[in-house]
Amino acid sequence: MADKLLFSVSASQVSSARWLGGRLGTSTVFENSEAGFAAFKEHLAQEPNLPAHMIVDAVEEDYRFESLPHSFGSDRGEMIARKLKQHYRNTQYCNARIQGRDPGKRRDDRYLFCALTNPELINGWLQEIIERKLPVAGIFLLPTVSAQLIEKLKLKQTNLLVVSIHGAGLRLSFFRDQQLRISRLARIDGSASQAIKNYAEEISNTRLYLHALRVMTLDEHLSVLIVDRNDSLKDLEQTIGRDNPNIECRRLGRQEIISSLGIAAPALDSSSDALYLHLLGPRPPDNNLAPANVTLGYRQHQIRRGIHALTAVTVFAAATWCAITLYQIFDARIDTESAKRQTVDLQRQYQEATLQFPAAPTTAENLRRAVEISQKIGATTRTPEVTMGLVSQALDSHPQIVMKSFAWKYGTTEVEGGREGNQAPAAAVPVVPLPNAPAGAKRKESALVEGEVRPFRGDYRAAIDAINRFAETLAQQPNVAEVRVAKLPLNISPNLTLAGNTTDSREQAGKAEFTIILVMKPAA
Amino acid sequence: MNASELRALQTPLILLLIIVALGAGLIYQLDQTLVTTKRELSLQQNQMREARTRLQKSGDEKDIIVRYLPSYQYLQRVGFVGDEQRLNWLEGLRLSNLQTQLFGVQYSIGSQQPYAFASELEPGQLALQQSVMKLNFQLLHEGDLMNFLAALGKQGAGFFSVNQCRVERLGTGGSIRFQPNLRVDCDIAWITLRPSSPGDKKS
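Sequence lines, in order, name chains A and B.
For the first sequence, the positions run 4 to 527 when our numbering is used.
For the second sequence, the positions run 97 to 299 when our numbering is used.
By construction, these hints were calculated from the structure, which means they are not laboratory data.
Every residue gets a Cβ at the ideal spot worked out from N, C-alpha and C, and that includes glycine.
Don't take each hint at face value.
[To be verified] Just so you have them, the derived chain B footprint on chain A, three or more residues with Cβ under 8 Å: (1) 283–295; (2) 313–326; (3) 338–346; (4) 409–418; (5) 462–471.
[Unchecked claim] As a list, the in silico DSS-like pairs of lysine-lysine whose alpha-carbon atoms are at most 25 Å apart: (6) K237(A) to K407(A); (7) K379(A) to K134(B); (8) K343(A) to K237(A); (9) K155(A) to K200(A); (10) K134(B) to K158(B); (11) K108(A) to K136(A); (12) K343(A) to K230(B); (13) K237(A) to K159(A); (14) K134(B) to K445(A); (15) K407(A) to K490(A); (16) K490(A) to K379(A); (17) K379(A) to K343(A); (18) K157(A) to K237(A); (19) K514(A) to K445(A); (20) K250(B) to K407(A); (21) K155(A) to K44(A); (22) K136(A) to K44(A); (23) K230(B) to K159(A); (24) K159(A) to K136(A); (25) K379(A) to K158(B); (26) K250(B) to K343(A).
[As the list claims (entries may be wrong)] Not the full set, but computed from the structure, chain A residues with beta-carbon under 8 Å of chain B: (27) G244; (28) R307; (29) Q331; (30) I332; (31) A335; (32) A356; (33) R446.
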């Protein structure tokens with residue numbers, strides 16, 4: 004419960020008290036006079052800058068209980084504003100509060116309209132508070148505050164009349180189903196000898212008044228709660244009980260007020276309105292009469308408090324975040340330093356260990372890898388020896404074949420050359436189809452053999468047969484992947500023109516030259 | 097809320113904005129510091145792990161050095177490891193020519209380039225280079241080619257790989273005198289290897 008300043012204004016006096024730490028302090032009372040006003044001004048100058056809440060206890064008040072069509076949102080707001088303006092043209096201190104709905108078919112909303120009809124009563128005091136720049140949170144009629152009394156005492160009576168003595172007179176507030184319906188302040192001189200009798204009569208009259216207003220009938224049971232803060236109304240309870248048998252009367256004495264409502268005795272004794280200031284402290288009622296221009300300072304005060312709270316939360320959150328991050332940084336730096344020390348230690352141990360190593364020109368890994376690479380190079384290099392040997396063996400078994408040139412290549416592509424003249428159809432003697440060599444393909448050996456058939460006397464069939472047999476002999480070798488006759492003495496392809504003569508003269512027969520491409524299987 | 101009402105809240109609003117800005121700036125700065133610190137920690141931990149692994153494997157490392165150092169030193173001597181030894185190659189050619197009684201060898205050596213088939217050998221941090229040497233010489237008979245290549249390999253002048261060779265018969269008219277009968281063109285790649293970074297060398 005936030006700290007606040009509480010004021011109770013009546014026609015005769017003003018009570019001022021602080022609500023600090025959830026407790027009501029002692030009230031200071033100022034008479035409604037020039038001296039009292041000046042004292043009040045001085046008093047305000049010493050008060051802390053806390054929100055001000057004001058109770059008004061005046062005869063010039065009005066309560067109207069009215070049913071209006073059920074509505075929502077802005078419609079409801081406009082309707083209520085219109086009603087307030089209609090009812091209370093001469094005061095800005097008015098309020099309407101919904102109190103449930105009618106049980107009828109229309110289910111109209113029931114409102115309690117209330118107003119302070121004489122603003123002059125509080126204007127002077129209020130102006131001083133505003134000039135002191137105290138934020139005015141609200142202005143409440145005393146009966147609306149006394150509703151808290153019913154709640155605190157957990158009174159469940161259907162018709163309850165709360166009676167209490169104030170500086171301005173006898174206050175009678177009627178509650179129907181724990182909700183304020185009407186209240187009036189009767190100016191009765193409490194010092195007169197017949198005061199108790201007058202009070203009792205006023206209570207009886209009030210019952211008739213309620214009946215006249217059709218708030219309750221005379222047949223209905225009425226409970227009366229006498230709030231007797233200074234135990235001066237002990238006789239009133241007996242008088243009412245004697246005069247009105249159908250009225251249930253209960254007196255709330257000083258001690259019971261202190262014990263059940265939690266107000267300190269000095270605070271209670273300090274002012275006739277102290278009890279209501281105490282009830283206002285924890286939670287103001289909803290019936291706030293203060294217009295927006297009066298509560299502007301309070302709204303600003305609330306927003307400022309909100310901003311300050313947000314600032315505090317931001318500072319706290321940022322500080323927490325920074326603290327956690329700093330801790331993580333600190334922790335990570337400790338770990339880093341520890342890792343550095345361990346690394347240096349491990350490196351030192353390693354250096355000590357390497358003193359036992361034989362002197363080497365490079366790292367052990369480089370040594371190993373260099374030796375392994377040299378071994379791989381030795382294993383993967385090729386010379387023409389194997390291919391030449393194969394061709395040589397084939398030539399031995401085909402004496403009519405004479406080799407003119409031999410080319411050999413070890414690479415990812417085949418040996419080039421031998422593609423001119425009478426080219427034979429591709430893959431004349433395929434052994435194993437060679438897949439297309441992709442990028443990064445394995446190297447393979449390939450050879451190109453250029454030769455001729457001797458002797459050649461113009462018998463192309465015999466010469467071609469000899470060349471093909473030679474190629475077949477090569478292809479039968481296990482290391483050979485493919486043998487292609489790239490060029491024959493005569494191109495017999497039907498796509499080309501073929502011309503020559505058929506003389507048996509050796510000199511005129513020409514040469515039976517050929518080219519064979521030999522591809523070895525790639526190394527495993 | 098109108099302008100004058102907002103003006104009344106100016107100070108706390110400015111204070112809030114300053115606090116938010118300062119807080120955000122501080123948080124951002126600290127977060128950046130944290131990221132950097134964590135990165136340094138991760139780096140340092142990696143170095144520590146590497147150092148630990150290296151220490152744990154120091155025994156293996158010693159075994160590797162003992163096992164491979166002689167071979168490595170041999171490779172250095174024959175010119176496979178280290179800079180190119182072109183003089184050694186030419187000396188090897190000269191000696192091979194003499195030993196196989198060829199009729200002289202013409203050569204031309206190209207500029208050094210990365211070895212084309214290095215990826216087959218998984219060299220790691222080692223750099224494999226090659227210089228292609230074009231040879232042109234004449235033979236009495238085919239067998240001398242293999243004798244010459246074998247002799248060149250045995251000279252200890254370096255590592256080479258034969259890329260291609262072409263042997264052509266010379267028109268000698270069937271004479272049996274001691275004279276060249278074949279002409280040979282060969283491309284051989286002299287391969288060298290060296291650690292790519294001088295920092296790899298042990299002190």
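Outcome of the hint check:
Judged by the Cβ-Cβ criterion of 8 Å, the segment 283–295 of chain A is not covered by chain B as claimed, because only 0 of its residues qualify and three are needed. For the segment 313–326 of chain A, the assignment as covered by chain B holds, since 8 residues bring a beta-carbon within under 8 Å of that chain's beta-carbons and 3 suffice. For the segment 338–346 of chain A, the stated coverage by chain B is satisfied: 6 residues place a CB nearer than 8 Å to a CB of that chain, which reaches the threshold of 3. Counting residues of the segment 409–418 of chain A whose beta-carbon sits less than 8 Å from any beta-carbon of chain B gives 7, enough to reach three: the coverage restraint holds.
Residues of the segment 462–471 of chain A with a Cβ under 8 Å from some Cβ of chain B number 0, which does not satisfy the need for three, so the listed coverage is violated. Only pairs whose Cα atoms come within 25 Å are accepted, and K237(A) paired with K407(A) is rejected, the gap being roughly 149 Å. For the suggested pair K379(A) and K134(B), the alpha carbons sit about 44 Å apart, so the restraint of at most 25 Å is broken. In summary, the hint linking K343(A) to K237(A) is not supported, as the alpha carbons are separated by about 88 Å, beyond the 25 Å threshold.
At roughly 29 Å between alpha-carbon atoms, K155(A) and K200(A) are farther apart than 25 Å, so this suggested pair is violated. Between the alpha carbons of K134(B) and K158(B) the distance comes to roughly 35 Å, so the proposed pair goes past 25 Å and is violated. Taking the CA atoms of K108(A) and K136(A), the gap is near 50 Å; set against the 25 Å cutoff, the hint is violated. For the given pair, K343(A) sits about 55 Å from K230(B) by alpha-carbon distance, which is inconsistent with the 25 Å threshold.
For the hint linking K237(A) to K159(A), the alpha-carbon distance of about 23 Å falls within 25 Å, and the restraint holds. For a cut-off of 25 Å, the pair hint linking K134(B) to K445(A) is broken: about 46 Å separates their Cα positions. For the hint pairing K407(A) with K490(A), the CA-to-CA distance comes to about 14 Å; that is within 25 Å, so the pair holds. About 37 Å separates the Cα atoms of K490(A) and K379(A), which puts this hinted pair outside 25 Å; it is violated.
Of the supplied pair hints, the one linking K379(A) and K343(A) is violated, its CA atoms being roughly 41 Å apart against a limit of 25 Å. With a C-alpha separation of about 22 Å, the suggested pairing of K157(A) with K237(A) holds against the 25 Å cut-off. Among the hinted pairs, K514(A) with K445(A) is inconsistent with the structure: their alpha-carbon atoms are about 38 Å apart, more than 25 Å. Taking the CA atoms of K250(B) and K407(A), the gap is near 30 Å; set against the 25 Å cutoff, the hint is violated.
Distance restraint check for K155(A) and K44(A): the Cα-Cα separation of roughly 34 Å exceeds the 25 Å cut-off, and the hinted pair is therefore not satisfied. With a CA separation close to 12 Å, the supplied pair K136(A) and K44(A) stays within the 25 Å bound. For the hint linking K230(B) to K159(A), the alpha-carbon distance of about 119 Å lies beyond 25 Å, and the restraint is violated. Restraint check for K159(A) and K136(A): not satisfied, since their Cα atoms lie roughly 41 Å apart, outside the 25 Å limit.
Distance hint between K379(A) and K158(B) is fulfilled; the C-alpha atoms sit about 23 Å from each other, no more than 25 Å. In summary, the hint linking K250(B) to K343(A) is not supported, as the alpha carbons are separated by about 52 Å, beyond the 25 Å threshold. Using the Cβ-Cβ criterion of 8 Å, the hint placing G244(A) at the interface with chain B is not satisfied: the shortest such distance is roughly 56 Å. A cut of 8 Å between beta carbons decides the hint on R307(A): the least distance to chain B is about 5 Å, and the hint holds.
A hinted interface residue such as Q331(A) counts as satisfied when its beta carbon comes closer than 8 Å to some beta carbon of chain B; here the least separation is about 6 Å, so the hint holds. The criterion of a C-beta within 8 Å of any C-beta in chain B is met by I332(A), whose closest approach is roughly 5 Å, and the hint holds. Hint on A335(A) holds. Least Cβ distance to chain B is approximately 4 Å, under the 8 Å limit. With a least beta-carbon distance of about 4 Å to chain B, the hint placing A356(A) at the interface is held under the 8 Å criterion.
Because the beta carbon of R446(A) sits about 7 Å from the nearest beta carbon in chain B, less than 8 Å, this interface hint is met.
Of the numbered hints listed earlier, those contradicted by the structure are 1, 5, 6, 7, 8, 9, 10, 11, 12, 14, 16, 17, 19, 20, 21, 23, 24, 26, 27.
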